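Asker: Going down the list, the sequences are from chains Z and B. If you're matching positions, the first sequence starts at 1 in UniProt numbering and goes up one per residue. If you're matching positions, the second sequence starts at 1 in UniProt numbering and goes up one per residue.
Keep in mind that the hints were calculated from the coordinates and are not lab data. Everything numeric in this text was worked out from a predicted model, so none of it was measured. In this text, a Cβ means the ideal position worked out from N, Cα and C, and glycines have one as well. Fair warning: there could be bad hints in the mix.
Claimed, not checked - Among the chain Z residues that face chain B by a calculated CB cut under 10 Å, a handful are: (1) Gly61; (2) Trp64; (3) Leu65; (4) Asp83; (5) Lys84; (6) Gly125; (7) Cys200; (8) Ser204; (9) Pro205; (10) Met244; (11) Asn250; (12) Leu257; (13) Leu268; (14) Val278.
What the hints assert, rightly or not - Taking lysine to any residue and the SDA-like style, the derived pairs with C-alpha atoms no more than 20 Å apart in a straight line are: (15) Z:Lys226 <-> Z:Thr48; (16) Z:Lys201 <-> B:Gly180; (17) Z:Lys199 <-> B:Leu99.
Number of protein chains: 2
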Amino acid sequence: MSLQLRHSNGVYSVKRTTRPAFLAQNASRVKTKACAKSALKPVKSECTAFAPATVANLGPGFDWLGCAVEGEGDTVVAKVVPDKKGIFIESIEGDGGRLSLDPAKNCIGVAATETLKLIGEVDCGISLKLHKGLPLGSGMGSSAASAAAAAWAVNGLFGSPVSKELLINAGLESEASVSGYHADNIGPSLLGGFILIKKCKRGSPVELMSLPFSKDNLYFVLVNPKFEAPTAKMRAALKPTVPMASLVNNCQQGGALVAGILTGNVPLIGEALDSDVVVEPARAPLIPGMMLVKAAAKAAGAYGCTISGAGPTAVAIVDDVKVGERVSRAMCDAFRAGGLEVNTAKIVRLNTDGAKFV
Amino acid sequence: MSLQLRHSNGVYSVKRTTRPAFLAQNASRVKTKACAKSALKPVKSECTAFAPATVANLGPGFDWLGCAVEGEGDTVVAKVVPDKKGIFIESIEGDGGRLSLDPAKNCIGVAATETLKLIGEVDCGISLKLHKGLPLGSGMGSSAASAAAAAWAVNGLFGSPVSKELLINAGLESEASVSGYHADNIGPSLLGGFILIKKCKRGSPVELMSLPFSKDNLYFVLVNPKFEAPTAKMRAALKPTVPMASLVNNCQQGGALVAGILTGNVPLIGEALDSDVVVEPARAPLIPGMMLVKAAAKAAGAYGCTISGAGPTAVAIVDDVKVGERVSRAMCDAFRAGGLEVNTAKIVRLNTDGAKFV
């Protein structure tokens with residue numbers, strides 16, 4: 001089982017089909033004696049990949065819009081294990097011992113296994129080392145960054161026969177194992193920049209498009225408090241139905257958000273991201289101080305502030321580093337006033353590279 | 001009572017405030033003897049304006065996205081009536097005698113009255129003649145085109161002291177009197193092109209932005225069947241709540257629609273417009289044959305097809321006139337198969353001018 005890429009007018013459609021024709025052109029192959037089947041040989045013995053943090057949901061962009069940000073991320077070292085088959089997790093650093101070394105129960109294991117399905121048969125096993133740069137359950141796409149780094153590192157061992165767009169399928173399976181079948185973290189962590197998920201339903205091709213942002217004056221203020229906001233709990237906070245008026249509001253603000261990105265309008269991005277009336281009001285009360293943080297960010301000069309991913313990290317939008325510093329202090333103070341300590345507070349730019357070899 | 005225009009980064013915010021400072025610069029004034037108050041003098045005795053048809057709702061763009069299209073529209077002739085005050089409707093053609101000549105009960109009357117409120121005191125009365133080029137209740141923004149033409153013609157009598165963006169307020173009051181407080185028809189009929197309504201709530205400034213479309217290969221196939229689809233009935237067909245999954249779908253498709261417009265991607269515009277899962281499924285069953293029309297349009301090569309405005313007109317998107325002709329025939333046949341006669345079938349481009357003097 002492998003894939004087909006339809007790339008029409010800027011929209012990528014990624015679909016599993018029969019035989020990966022592109023592999024023949026992109027990678028060396030070893031034919032086995034038994035039949036005409038071929039197993040792919042690695043082109044290097046070790047490959048290290050980094051994948052960035054992401055900010056998903058983005059207010060009205062819930063479940064369909066995310067972006068990659070500079071700064072921290074996760075790193076995976078993939079090593080060839082000759083004369084073996086399968087995926088092995090050698091070590092994990094930076095997780096406080098919380099993640100499983102069982103490849104079936106860890107997002108790098110799932111992503112690597114799914115990446116091998118996309119590549120086709122290979123003639124070796126692969127061991128993985130994960131260094132987590134992102135806190136777990138922070139709302140900054142920690143699991144997606146691990147999965148993206150693993151997929152890109154494993155792919156790199158074989159000369160990168162699979163495109164980043166196609167690797168989203170591997171990442172999606174990994175994401176599904178931890179937080180649900182959503183591409184708004186894994187898409188930007190692999191590809192970089194703002195990614196609009198046009199369609200993402202299991203059994204259908206994933207459709208996504210990159211939304212180019214042309215200015216250099218967009219900054220994200222990310223404040224991560226010491227608080228657990230498990231994705232499952234945050235998802236359960238959402239009501240199964242929403243009022244029609246909320247639909248109209250979120251659609252129009254989602255449209256304005258896309259317009260803000262494509263026209264390089266930072267104030268518009270901030271205001272639109274700030275205007276979700278469905279998800280944020282349901283989730284913010286579960287994060288102590290979040291509404292105070294939001295108000296403080298705007299009072300300090302941010303164009304808008306909302307929950308990053310499923311939280312607890314808060315994200316504010318500014319177009320000036322100095323304003324960002326003031327906003328960051330105000331947000332930290334507000335979290336503390338709400339009773340939470342602050343893990344990290346950062347002012348970061350958009351990451352436009354996504355996963356990369358290091 | 002008058003207005004203030006905030007124009008920040010491509011977003012117009014139109015708000016009623018105290019005194020129209022801009023008037024002093026743009027128009028001649030007559031000071032009365034009684035006090036320092038001044039009444040504006042007309043600069044011409046007659047002014048004729050045309051305003052184009054519009055396609056609002058646009059699938060997931062329900063209540064927040066519309067565009068103006070070339071071809072038919074409504075025309076209003078405004079004439080100065082010396083030594084009188086107020087708005088008078090002299091005649092209406094093309095409505096089959098269905099519209100009221102009472103200015104308080106007719107959208108041109110309401111729009112003209114509201115336009116005068118924006119201009120300030122004037123020293124004459126105004127009579128209006130309306131020529132309707134658009135069928136009533138067609139879903140092509142018939143009432144908005146009348147209101148836009150009336151507002152622009154009245155404004156023109158006084159040297160156009162009020163900008164088109166500000167005149168949206170006059171149009172909104174007119175629209176509210178016939179179909180609700182929605183700017184997705186009046187906005188594009190006045191301004192032309194695609195207009196995103198970012199905020200439109202009575203008592204708050206209207207916020208909107210123009211979404212430039214840079215290509216010339218976008219065609220709308222508009223097929224208007226002989227059928228009444230009153231806006232009130234079509235609005236009543238909508239449920240008060242929608243499933244969360246439908247919110248996500250419509251937000252992502254609305255975002256894709258904006259991305260399609262701003263990147264000049266006609267297939268993407270068509271597919272996104274075709275993908276509403278909230279409004280179209282509730283309203284289409286009220287228009288005989290609509291689902292057949294939609295299927296026929298796509299089978300004939302359209303990128304997507306949905307209900308224009310509140311219907312009954314169906315709109316399909318193509319990027320080639322020849323395909324449009326085939327799509328048009330298929331849509332007409334499908335309406336007839338559904339039991340409806342066809343009034344008009346047209347293939348039109350985007351109108352980028354909006355209301356204009358003729």
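Asker: Each hint should be assessed against the structure and marked as holding or not.
Answerer: Status of the hints after comparison with the structure:
Interface restraint check for Gly61 (chain Z): the shortest CB-CB distance to chain B comes to about 7 Å, inside 10 Å, so the restraint holds. A cut of 10 Å between beta carbons decides the hint on Trp64 (chain Z): the least distance to chain B is about 4 Å, and the hint holds. Taking 10 Å as the C-beta cut-off, the interface hint given for Leu65 (chain Z) holds, the closest approach to chain B being about 6 Å. Interface restraint check for Asp83 (chain Z): the shortest CB-CB distance to chain B comes to about 46 Å, outside 10 Å, so the restraint is violated.
The interface hint given for Lys84 (chain Z) is broken, as the beta carbon of that residue sits about 42 Å from the closest beta carbon of chain B, more than 10 Å. Proximity of Gly125 (chain Z) to chain B is violated relative to the hint, the smallest CB-CB distance being about 39 Å (cut-off 10 Å). Below 10 Å, beta-carbon pairs count as interface contacts, and Cys200 (chain Z) has one with chain B at about 9 Å; its hint therefore holds. Interface restraint check for Ser204 (chain Z): the shortest CB-CB distance to chain B comes to about 12 Å, outside 10 Å, so the restraint is violated.
Look at Pro205 (chain Z): its Cβ only gets to about 13 Å from chain B, farther than 10 Å, so that hint breaks. The restraint placing Met244 (chain Z) at the interface with chain B holds, with a minimum CB-CB distance near 6 Å, inside the 10 Å limit. Here the hint on Asn250 (chain Z) is kept, as its CB sits about 5 Å from the closest CB of chain B, short of 10 Å. Because the beta carbon of Leu257 (chain Z) sits about 7 Å from the nearest beta carbon in chain B, less than 10 Å, this interface hint is met.
With 10 Å as the threshold, the beta carbon of Leu268 (chain Z) comes within range of chain B, its nearest partner Cβ sitting at about 6 Å, so the hint holds. Because the beta carbon of Val278 (chain Z) sits about 6 Å from the nearest beta carbon in chain B, less than 10 Å, this interface hint is met. Between Lys226 (chain Z) and Thr48 (chain Z), the direct Cα distance comes to roughly 30 Å. Violation of the 20 Å bound is thereby established for this hinted pair. With a C-alpha separation of about 36 Å, the suggested pairing of Lys201 (chain Z) with Gly180 (chain B) is violated against the 20 Å cut-off.
Distance hint between Lys199 (chain Z) and Leu99 (chain B) is unfulfilled; the C-alpha atoms sit about 45 Å from each other, more than 20 Å.
Of the numbered hints stated above, those contradicted by the structure are hints 4, 5, 6, 8, 9, 15, 16, 17, listed in ascending order.
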